[in-house]
Amino acid sequence: MSGTVLVDVQGVSRFYGDHCAVNDISFSVSKGQVLGFLGPNGAGKTTTMNMLTGNLSPSAGAIRIDGHDILDQPRAAKAAIGYLPEQPPLYRELTVDEFLDYCAALNRIPREQRRAAREAAKDKCGLGDVATRLIGNLSKGYQQRVGIAQAIIHMPPVVILDEPTVGLDPIQIREIRSLIRELGREHGVILSTHILPEVQSTCDRVQIINDGRLVLTDSIGGLEQQMKSASITVGFASPPAHEALESLPGVTAAEPQREGRIRILYEPNRDPTDEIVRLSVEQGWKLRELRPGRMSLEDIFVRLTTDEVVSDPEEIQTTETKESTA
Amino acid sequence: MIGTIALRELRSLFLSPLAWIILGVIQAILGFSFFSSVTQFLQHPDSRGVTAAVAVPVFGWAAVLLLFVSPLITMRLVSEERRNQTLALLYSAPASMVEIVLGKYLGVMAYLLLVVAMLVLMPLSLLFGGTLDWGLLLTSALGLILLLASFAAIGLFMSTLTQSPTLAAVASFGALFLLWIFDASVNLWGENFLSYLSIIDHYLPFMQGLFNSEDTLYYLIFSAVFLIFSVRRLDADRLGA
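Taken in sequence, the protein lines are chains P and S.
1062 is the number of the first residue of the first sequence in the numbering used here; add one for each residue after it.
2 is the number of the first residue of the second sequence in the numbering used here; add one for each residue after it.
Calculated from the structure, these hints are not laboratory results.
Note that the coordinates shown come from a computational prediction; the quantities given were computed from them, not determined experimentally.
It is possible that part of the hints are untrue.
Unchecked claim - Non-contacting residues of chain P with respect to chain S, defined by C-beta distances greater than 10 Å in every case (computed):
| # | residue |
| --- | --- |
| 1 | P1231 |
| 2 | G1282 |
| 3 | V1312 |
| 4 | R1349 |
| 5 | D1360 |
To be verified - Rough simulated footprint, nothing fancy, chain S against chain P, three-plus residues with beta-carbon under 8 Å:
| # | region |
| --- | --- |
| 6 | 1116 to 1122 |
| 7 | 1131 to 1145 |
| 8 | 1170 to 1183 |
To be verified - Simulated DEER-style distance windows between Cβ atoms:
| # | chain 1 | residue 1 | chain 2 | residue 2 | range |
| --- | --- | --- | --- | --- | --- |
| 9 | S | W190 | P | N1102 | 57 to 63 Å |
| 10 | S | Y197 | P | F1076 | 42 to 48 Å |
| 11 | P | R1153 | S | L128 | 42 to 48 Å |
| 12 | P | F1076 | S | L24 | 31 to 37 Å |
| 13 | S | T167 | P | D1079 | 43 to 49 Å |
| 14 | P | G1197 | S | L128 | 44 to 50 Å |
| 15 | S | V65 | P | D1230 | 44 to 50 Å |
| 16 | S | F33 | P | P1171 | 27 to 33 Å |
| 17 | P | D1079 | S | L168 | 27 to 33 Å |
No residue lacks a Cβ here, since even glycine has one placed at the ideal position from N, Cα and C.
Turn these sequences into a full structure, and let the hints guide you.
The following block contains the structure:
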């Protein structure tokens, strides 16, 4: 990716007492990128976001936002960030307009531009109809939108959203996702979520954190490659012996599946599909079904987040992790 | 930035009925005390003059009353934001911790100054029928403002310690009351360190028309110390120690 680097995280760790919540993670986000930040509950997502936004100081490592170190130049760094925490920070006793005016002033928008900034943020988040209502009386979905409006009111180069679509109805979720993609054109966006399809539909890059460590950083394109795992599933009316399939060029294994289907694993770039079809016709195997194997993002997620735990027997979180990702 | 936060704080205070009710109750009680002082003065004119006989007792009552009431005003400053998890808004805004604390402090001070202003209106009404001892009135008002500044600083600090406004109110009331009755230790050991610390001792000279730099400094240092404590406490949130 070519854009300017907006968020640069180098070897950041965070301890709570003896407990290490985030362990030596490094990543960067450039302008025009939407980074999806995935992980099971308690993996360190929110801690990382709090460190990026100056709500927590890292125990070790450095964070630079738009070129400013978050500890040495907090004001410049924070001016470059819009943050929506998991729980939107809203004053329930204010109206939407009053609250956004306050946020505009808090983010040092010059007085004469505040009105325009407020109107623009309201427009983007579809808040025009509720401008004069008290935030406390709005539905959860609208409150979430006010939270997002608050994060983008000063047009920060970096927008950080912690689970922005929680509690929204499906139509609102679509709207928010398209808003995030739109933001991703001019800003750098970091999106934390545990809704996996959300990542596939909105992000350019994915990063999975588990147990305080980054276990995967990849572009969505690269991930799609990974997900096209090297396998096909076939079904025959009169199936051949497994050996016949396994002896095909490139095939590494043939595993029987339910209802007489066979899953064929092969080496990358040596797809035996054509060969199987040809042999089926020649030798009368009566091919009935042919399906490329495909891992879902969920498969990858579960594999990464649970493998990691299994390899570390001191942790007893295996089952919890599985459940929480479901 | 400080002004922005202070204005928001003041506005939120007035958006709850609490601030209005407190203003009303204080005004009613002090109005009654003022009325009885005036009546008494008319029946038995006092040689010290109308300001000392009528206005000063009202300031004395105000100090007692505000000892009870100011914890109710300061209790929500930080604790409620902590409970509602809205502190993140301030922490991630380009504002320093000092600005956040001063903003909140000045918001509450603006409210307390309003209380003092309403109070001063009562002696001023005597101008319809006579003259006032301006020096005495001024030092009394200044003394009360300094006293309230230290009340607010303690209240703010207590509010940074907890998520529960009620706890913050009880803690700051307890601290203020304790500091107040340190005064009583004079009866036990004579002038001593505790009685010097007493928050009320330094207020009395103001009510006699004495402007003492020592007493003024006491209140200023007292307030500054608790404001610094508050900044440190909020910084510790970030360090998560």
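Verification of the supplied hints:
The beta carbon of P1231 (chain P) sits about 26 Å from the closest Cβ of chain S, which is more than 10 Å, so the claim that it is off the interface holds. With a closest Cβ-Cβ approach of about 32 Å to chain S, G1282 (chain P) is found to remain outside the 10 Å limit, as its non-interface label requires. For V1312 (chain P), the condition that its CB be more than 10 Å from all CB atoms of chain S holds, with the nearest at approximately 54 Å. Even its closest Cβ contact with chain S, about 57 Å, leaves R1349 (chain P) beyond 10 Å, as expected for a residue assigned away from the interface.
Non-interface status of D1360 (chain P) relative to chain S is upheld: no Cβ of that chain comes within 10 Å, the nearest being about 34 Å off. Only when three residues or more bring their CB closer than 8 Å to a CB of chain S does the claim for the region 1116 to 1122 of chain P stand; here the count is 3, and the claim holds. With a cut-off of 8 Å between beta carbons, the region 1131 to 1145 of chain P has 7 residues touching chain S; three or more are needed, and the interface restraint holds. With 0 residues having a Cβ less than 8 Å from any Cβ of chain S, the region 1170 to 1183 of chain P misses the three-residue criterion, and the hint is violated.
The given range of 57 to 63 Å is respected by W190 (chain S) and N1102 (chain P), whose C-beta atoms sit roughly 59 Å from each other. Y197 (chain S) and F1076 (chain P) have their C-beta atoms about 43 Å apart, which keeps the hinted 42 to 48 Å range intact. Checked against the given bound of 42 to 48 Å, the beta carbons of R1153 (chain P) and L128 (chain S), roughly 44 Å apart, stay inside it. Here the CB-CB span from F1076 (chain P) to L24 (chain S) is close to 47 Å, at odds with the stated 31 to 37 Å.
For T167 (chain S) and D1079 (chain P), the Cβ-Cβ distance of about 33 Å falls outside the hinted range of 43 to 49 Å, so the restraint is violated. A beta carbon spacing of about 45 Å between G1197 (chain P) and L128 (chain S) agrees with the range 44 to 50 Å that was offered as a hint. Distance hint check: the CB atoms of V65 (chain S) and D1230 (chain P) are about 55 Å apart, inconsistent with the given range 44 to 50 Å. In this structure the hint that F33 (chain S) and P1171 (chain P) lie 27 to 33 Å apart at CB is violated, the actual value being about 49 Å.
In this structure the hint that D1079 (chain P) and L168 (chain S) lie 27 to 33 Å apart at CB holds, the actual value being about 29 Å.
Hints 8, 12, 13, 15, 16 from the earlier list are contradicted by this structure; the remaining hints agree with it.
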